[in-house]
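Respectively, the protein sequence lines represent chains A and B. Using the working numbering, the letters of the first sequence map in sequence onto residues -17 to 492. Using the working numbering, the letters of the second sequence map in sequence onto residues 7 to 723.
None of these hints come from the bench; they were simulated from the model. Where is the CB? At the ideal position from N, CA and C, for every residue including glycine. A few of these clues could be false.
As the list claims (entries may be wrong) - Chain B is nowhere near these chain A residues, computed Cβ spacing over 12 angstroms in every case:
(1) 41
(2) 398
(3) 399
Unchecked claim - Computed from the model, here is a short list of chain A residues facing chain B with C-beta under 10 angstroms:
(4) 123
(5) 184
(6) 188
(7) 203
(8) 222
(9) 223
(10) 227
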Amino acid sequence: MTPISVDDKPISIAILAMGGQGGGVLADWVVALAEAEGWVAQSTSVPGVAQRTGATIYYVEMLKPKGGQMPVLSLMPTPGDVDVVLAAEFMEAGRSMLRGLVTPDKTTLIASTHRSYAVGEKEVPGDGIGDPLAVVDAFGVAARKTIIFDMQTLAENNGSVISSAMFGALAGADVLPFPRQAFEAAVRAGGKGVETSLRAFGAAFDRARDGKPDKVARKPEKLLPDAPVSVGHPKLDRLLNRIHAEFPPVLAPMLYAGAKKLVDFQDPRYAGEYLDTAARLLKLDRDAGGEARNFGFSQEIAKYLAIAMAYDDVVRVADLKTRATRFERVRKETGATGEQLVYTTEYMHPRAEEVVGTMPASLGQFIENRPALLKLLERLFSKGRRVRTGTVGWFLALYALSSLKPIRRAMLRHKREMAHIASWLDTASALLPANYELASAVIGSRRLVKGYSDTHSRGQGKFDKVLSAVPLLKAREDGGTWLKRLVQAALQDEAGKSLDGALATVRSFA
Amino acid sequence: MAERSFAREVQDLKLGEGDLFRGEGILAITKALLQSGVSYVGGYQGSPISHLMDVLADAKPVLDELGVHFESSASEAAAAAMLSASVMYPLRGAVTWKSTAGTNVACDALTNLASSGVKGGALIILGEDYGEGSSIPQERSHAFAMKSQMWLLDPRPNLESIVKSVEDGFELSEASNTPVMMQVRIRACHVHGQFIAKDNKRPEFTIKQALENPVRDLDRIVLPPVSITVHDREKIEKRWPAAIDFIKSRKLNEWFGPDEGDVGIILQGGMYNSVMRALQLLGLADAYGNTVIPLYVLNVTYPLIDDEVSAFCAGKRAVLMVEEGHPDYLEQAVNSILRRRDINTRLAGKGMLPVRGDYTAAVLMNGIQVFLEEHAVALLGNRPPLPSADAVLADPKVKALNAVVPARPAGFCTGCPERPIFAAMKLVEQELGEHHISADIGCHLFSILPPFNIGGSTMGYGLGPASASAFNVDAGKRAISVMGDGGFWHNGLTTSVGNAVYNKHDGVIMVVDNYYSSATGGQDILSSRADNPERSTNNSIVKAVKGIGAKWVRQIDRTYDVAKMRDTLKEALTSKEEGPKIIVASSECMLNRQRREKPLFSKAVKSGQRMVRERFGVDEDTCTGDHACIRLSGCPSLSLKHTDDPLRDDPVVAIDNTCVGCGNCGEVSEAAVLCPSFYRADIIYNPTRRDRFAARLRNAVIGFLQRRREARRVVFG
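Produce the complete structure using the sequences and hints provided.
Next comes the structure, spelled out in structure tokens:
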């Protein structure tokens, strides 16, 4: 019987990628590398329908021939027996751990920190993005060694694609018994985009060597600078003085952000009105013992009142679309260079509602009460329009529309928004003495009102639905918590199924 | 024009005696066919064997040189019928398809072929689409071999064995006058390995010779009583014994490890590598195929060789049968062999190994361990620690990942022309309510998954509309069915459209025409718009359906026109006209279009031509983070980004640079009256003098107005 030596074990490498990420190219490089170094290498994959945006695994094994005998290599990874895992996306790194491919005794995990969101994360009306920190936490448990940085961006910065960056990281990780030159030779042998590939390879190699992981965060910190004392403009400084004089410091940053937004939306006077309301409510807040609660109610006011007052109307859109800063941003985003020209075409679809909304309140009202007239308007205006903002004619049209700003206060839409805000604030302040948390939560519910046209009315509907639970929650200590839950539920899905479920629960105990 | 070019791989097909072939399993099979002197090859593309078809399509010169006829069959049935060339003539023929999907389609022809028997070697290469990565129901090809009496090869999954198996297959087929099937699993099809090549062989007998010297042998024609008196007897009395002798004498099956042993393992050839890895992890084999446990490897899984089986089992306390999938045909067969010969070796199999699913190394490791614990515990020796991730998986921090790691359902590619079709369908549903929607096979099937969640059933290739045929009664709503151009030409024209016309079906049939058989890799089909010198393309689907009698037919030439798509669908659902309402929605598969146009574009730009690139963008100031647009799209390039604006809770929509400017975003937000955030940016490369002049004028006016307003605007810095 042949003596069995179980000492020779193949090196196993699993590559987790999404369709179109070049996982195949990476696997081919690894194979070419090993073969060039006199090893026997075998790679397999199960593309299936993963070729179309799904996630897939490429698997490579390599071992030297021995005494004329070829190794017998496995076609699939064995949990607990994988030496290197390369994840071409951060949540895929998480998946590799869930599949048991990463174990602390063995596995070096090389993962790019960039995210490519799955449709399930993107389609949520609120924020459905998974928390990458959960993946970071698991590293400590599962991996022997990790190399973690944004290989996607690094590749792009070097004019290449992520596969070359990951190959560089693999070389830099020192887990394969091959010198850097051998890796680079494999890239050259590949023959496609050698220059840029090698540049990304080199950058990633160094990055892997210096070993510092990129910081992973679910979202960027919100910018909340302290309110300055003065910006040198009398009208604005008056606003700043009020923020500092009339409000506790804890509110200043958010009030400043709010005022800033509203000055931009309308004018300093409008921002002044915002501060008036905030001040009035701050008084109620104090009376309700808000000081002890760090003015939680007023903090919500400072944020959501500003958002509510800066509603999205035609004038706003026209203003934003015609700004020089916007022209520059678009040019930057398209990556246009030198003498290249960039023109934008806006896809707009005004409805009679928008048209009437921009009319003086009384006139708008008059028309709305006459369906025939409304129909006529609908026929006249309601159709998709391709607005070529970069051309003089269309620019002037938008420019004219945006210059209606001064008379915005007289418009029907403005009246509507103000009425809605008033009743929203009344509901909240009425609750304040009895149930502080609930009152604050009512203010926070405003988060649901967003979007345009149908989206806007759907949000409006959800908002009303959520507030319909207020009477049921009034008497409850945890009323605020429950209302917040309802808001979260409302943001789960478009149809509002989760919201109905949550409401049912509330009714069951109320 | 397939999605991928195999120009380089075609060179490997020219390798000669002694050269080292390195490449994918499926290409090795292709090379093996040429080494075997094959006269004709046909088949139907589909994972995992698409590349075999693609490389042959690109290999015209090589094939011409050898006098090999290659054809992209209209369906697996057509491919199987093609093998009848080997019934009367000593021609070697091979066909290939995805199994069991394709084998089901091919059955009619296969039954007749197996009855007639063959003179020339007939080889059917089956891409066994089973287990992880499969895209079809989980069945085994084994049953087809048994029912029609065709031999089934299941070679060890390394290139050398696979290539040998192809060569053996032809000889076995000729020696036993029986068609031979060779199954290759998904990973084996895509495995990269190596083997020593031989020279390609010109067929000894050519199709030309056959055509010019027709042969007619009544005994080979399937017609009662011959099929009963002659064929059925031959199967049992001549072909079966002949096959047994050949398999035995040529040692097609293999034995590894010691000749003697208390226990042993019988395995399908395809399971070999996983079994070896399992044994290695258990400390019972090394990495080079040396094992302490006797293995009997079935490179031929049908028929079984009773003598070999009983010889292997005799004198062993117990034997483990490693047979992937169910039912346990082999285990049953081995059991009855042992029973008949009164051999009392215990046979273990299903029970120690799972009844269903992939037999991975880990699964086999555990199964073999259980088997040895019961029958030869001494072999497990001092029990080396086995690889396991259980500890890691049990950790709460790893468990927590289940909550955040998202599912990644397959979806439409960036810029896919099918996306707007289903966006329109969703808009219609919002107006007219949900409908019963029968889907088909092909990319469009992704509409069943998020974000569209449209489509209630799928019954097979080209059967979408047929599967809605029962829904043809007076009702408030009509059935909608969808079918791709691939399915349409595969058999949808007759089975689905013809059926609907003849039975005056009142439903709506949406034919998704993307110019290729896209899901299988972008092969050309009858209605492809490309001019293909080898094939007849540009055959209109509209003409075809009208030719078969359809009256209400609408052609939409730009699927991205969401509004038009929506209105046409509404018209179809409400039209008074009798019979099927057929909408042919045509736009080119974006994957293929990009592959064709990108090089041309950059070439034109380099040469200084004026070119315009379009891409879409979102104004984040006006995006309110509701993501309604994403729920009507799911485009990979349409993504999200968190902002640092304290007044925004939810991430806003952002379009990345992979956008190909297909226009769906804008059209949808317009048709659905979503929001004004979307814009199309036209980037003009190499602007002409006129462009630059116009730009200067515009910038003068616009810039002046912008500066004027900025100067007056009162804002915090």
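Now for the hints, and whether the structure bears them out:
The beta carbon of residue 41 of chain A is not kept farther than 12 angstroms from every beta carbon of chain B, the shortest such distance being approximately 8 angstroms. The non-interface label for residue 398 of chain A is consistent with chain B: the shortest C-beta to C-beta separation is roughly 17 angstroms, beyond 12 angstroms. Residue-level check passed: residue 399 of chain A sits 14 angstroms from the nearest beta carbon of chain B, beyond 12 angstroms. With its C-beta approaching chain B no nearer than about 5 angstroms, residue 123 of chain A sits inside the 10 angstroms limit, and its interface hint holds.
Hint status for residue 184 of chain A: violated, given a least beta-carbon distance of 23 angstroms to chain B, over 10 angstroms. For residue 188 of chain A, the interface hint is violated, since its Cβ never comes within 10 angstroms of a Cβ in chain B; the closest pair sits about 25 angstroms apart. Of the supplied interface hints, the one on residue 203 of chain A holds, with its beta-carbon coming within about 7 angstroms of a beta-carbon of chain B, less than 10 angstroms. Taken as an interface hint, residue 222 of chain A checks out: its beta carbon lies about 9 angstroms from the nearest beta carbon of chain B, inside 10 angstroms.
A cut of 10 angstroms between beta carbons decides the hint on residue 223 of chain A: the least distance to chain B is about 14 angstroms, and the hint is violated. Because the beta carbon of residue 227 of chain A sits about 18 angstroms from the nearest beta carbon in chain B, more than 10 angstroms, this interface hint is broken.
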